[in-house]
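Line order of the protein sequences matches chains A and B. The first sequence begins at 1 in the working numbering and counts up by one. The second sequence begins at 289 in the working numbering and counts up by one.
Just so you know, not all the hints are guaranteed correct.
[To be verified] Covered stretches of chain A (chain B as the covering partner; in silico rule of three or more C-beta atoms under 8 Å from a C-beta of chain B):
(1) 15-22
(2) 41-55
(3) 221-229
None of these hints come from the bench; they were simulated from the model. Using N, Cα and C, we set each Cβ at its ideal position, and we do this for glycine too.
The lines below spell out each chain.
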Amino acid sequence: MGKRVNVTGIAVLVFFLLLGVLITIRYTGLGSNFFNPVGGVMQRILSPLEQPILRIGNVIRDNTRAVWDFREVSRQNEELLKKVDQLTGDNIKLKTEILAGMRYSVLDQGQFRSPTLEKYEKIGASVVNRNPTTWFRTITLNRGRQDGVATNDPVIGDLGLVGKIVSVTPTTSEVLLILDGEGQVSALVRGSTGNSTFGIVQGNYKRGSRLTSEGNLQMLFRREDSINVGDLVLTSGLGGVYPKDVPIGQVKEIRLDPSGLLKTAYIQPLVNFDSIEEVYIIKIVGEK
Amino acid sequence: MRYVLIAVMFLLSLILPGTLFHFWSWSGIKPDLLMLLTIYIAMHHRLPSGLIWGLGAGFLEDLYLGRYIGMYTLTLAVVASLSYWLAERWYRENFLITTFTVFLVTAVGQILVAFLSLGAGLHWSLSDIGRLVIGVSLYNAILVPLTYPWIHQSFVRGWLRYRPRYER
Chain A
1 MGKRVNVTGI
11 AVLVFFLLLG
21 VLITIRYTGL
31 GSNFFNPVGG
41 VMQRILSPLE
51 QPILRIGNVI
61 RDNTRAVWDF
71 REVSRQNEEL
81 LKKVDQLTGD
91 NIKLKTEILA
101 GMRYSVLDQG
111 QFRSPTLEKY
121 EKIGASVVNR
131 NPTTWFRTIT
141 LNRGRQDGVA
151 TNDPVIGDLG
161 LVGKIVSVTP
171 TTSEVLLILD
181 GEGQVSALVR
191 GSTGNSTFGI
201 VQGNYKRGSR
211 LTSEGNLQML
221 FRREDSINVG
231 DLVLTSGLGG
241 VYPKDVPIGQ
251 VKEIRLDPSG
261 LLKTAYIQPL
271 VNFDSIEEVY
281 IIKIVGEK
Chain B
289 MRYVLIAVMF
299 LLSLILPGTL
309 FHFWSWSGIK
319 PDLLMLLTIY
329 IAMHHRLPSG
339 LIWGLGAGFL
349 EDLYLGRYIG
359 MYTLTLAVVA
369 SLSYWLAERW
379 YRENFLITTF
389 TVFLVTAVGQ
399 ILVAFLSLGA
409 GLHWSLSDIG
419 RLVIGVSLYN
429 AILVPLTYPW
439 IHQSFVRGWL
449 RYRPRYER
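This is chain B alone, in the form it adopts within the complex (with noise of 0.2 Å):
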């Protein structure tokens, strides 16, 4: 149940901000759905399996787009590295301070974004690629409130839990 769950979350975090996010986009900016996805998983895994979850992700959005396959898989890996690092520090009970981990992560996992795109040849502006950082990742932030109590409850103790983490 916990693979399908995921697996639905995962195609969902594909096809919502593309369509529903459309509609709900800031001056063009969506949430990345994925990313957030990402964090959350990989907040609530042992490192190794939040690491493969991060690139199973990374390399499933890169095909999905068709097109500069690695950026998202090497991004998610090192967004779900990070989430891990910041979780195992930081109180992950605490829904202001995940919202301060999600906007930190998102940030950085966006700036790669956009660092792996100039070295693909893309043109950015500095105040484009800081605009949408920021933007993307206050997209992200804002959505915890209403995303990470129902995740969270179901990672510790509902149909997404994961044994390894809370039973040692």
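Isolated chain A, as found in the complex (with noise of 0.2 Å):
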């Protein structure tokens, strides 16, 4: 005689253990900071790891990176040397304007300054790992608590933002990347004459561009705001999260909304989110 299978009974456990799973998911998700010192012992143990491994890997890409990448090399390089001698004559006259208008100044290693951010302190970090899933799009610093490091912390690249600290061990910190949907920034776009429009950017899921590194955030706009390819995309402040005037990126293609009522602003980041390799945490969090 078989045994009999109380199938009732395993739909039940089936459905509290889904809902059991369930709730623990939304309980621990981005940035709920639940004790978890398994996963801290972990990152330790393991960062030191991560780190040279991520460091051979980014040596050899960018001493091969013309051999793999011959023709898209060679192309851009007759297109810069086109431009070179365009931008040289333009340089005194972007210098003045363009930087003024985003209130930063490139300075002699090419990183910002935005008045803002003077006030904070700032740590340097190194990228150590990136998400091991293709579902997120955060990476591990080597900083963590015990540099004052803490949850929503906002993260900056040499040229513009790059995210917020989702969450922070003894000695590593995770970085949610702005390219991540969940990562909304407030933000507001400098057009040309000095107007500012205000919105949200978001990490682009809809185009089909999440899955590559060009054109991975959008904004939505009304129909009848002044928004023009080329425009600056800074941050507004607002939100609490980040500082006001750190650069996101630029606006690479407007499209209108079917309804006709909006438009959608494609912004291409400043930051190159897959050669990262240096970071600079805002200890904005931190120092309250």
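Need the complex rebuilt from these two chains, each delivered in its own frame; the hints are there to steer you.
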């Protein structure tokens, strides 16, 4: 005689198991800051192993880029040569007009300086790992609670905004990139006339470019808003997470909504997220 | 030795996708090495043992990622059960069938991750979910011819040999 299987019992068990897991997932989501000593120990042990692998990979990629992308590099080289003459002539004008408009100045090292950021303490950090899953856009940094890093501290790169801290262990911290749709940023578009239009920048899920490094940010506007290709997008300072006037990107394309009431601006980030290696953590939350 | 090797493989499966495979990612898609390892383990173990490995691996990944605790625990438990069930019915020695099994099971696992992500309130469009599921499944399947012969040999008569399964 075979064993009797209690189908109802199994169904109830599966239901409650699924419910339990969904509740746990919900309460341990992004920025929940729950107590996770095992994860902290794992990060502490594994990050010294991850950093050299990432560094070696970066070195190999940088030194062999011309080989793998020969056609692309050749094309870029031709384009750049053509642009050199034009850019040389426009250099002074650009510095005075565009950089003044952005309210930051390019230093010798190519790092921007915003007056809003001056008052905050910044910590330099290296990228030691990227999210091992394909589902989230996060990076792990080699600075943690011991360095004064706290959840929701903004993170900037040499050219602009990178994201915010979503979890911290004693020695590492995880950054949710602005490319991830969960990392929305309150922003403003500053046009050539100096007018500002406010909106929300978010990771682009809907255009199929969610999985490519190009055009992964988008912003929604009313049809009558004055937005043009080439306009700069900066943080607005609203929302309490990101400081004001940190550059995010540049409007690359504008498309009208099928309804004709709205338009979507596709934004090219200033930071190259694929090759980012060093960042600054701004201790806004950590200082409070 | 067997447990040390499996532990090392678990740790490598956590480290490599974010580091080495960042440079070998295809349009941002990386393989899910821990899911691949769980499939291999479950195919070479009995159900309770494979299930425990799946639960353990998933819980480890959840703690390592530090959020959405339970997402990978549940997913890898389901993946382990499904892998065992398919390995019992399909010829495990045939690498082509194993490649297809890995593709199928990874797809189910990734769909479950997507379902749980939506349940957790994350916003994903169906087209992106489709691209991710197929992309990760394909990547995992591509890795089978490179990894499975070694792992299978080791599970059958090497350091990873699991006696209860092969001495019945």
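Okay, the hints, checked on the actual structure:
1. Beta-carbon proximity to chain B at under 8 Å applies to 5 residues in the region 15-22 of chain A; the threshold of 3 is reached and the given coverage holds.
2. Given a C-beta distance limit of less than 8 Å, the hint that chain B covers the region 41-55 of chain A holds, as 7 residues qualify and 3 suffice.
3. Counting residues of the region 221-229 of chain A whose CB falls under 8 Å from any CB of chain B gives 0; the rule of at least 3 is not met.
Figure legend: structure checked against the earlier numbered hints; the only hint not met is number 3.
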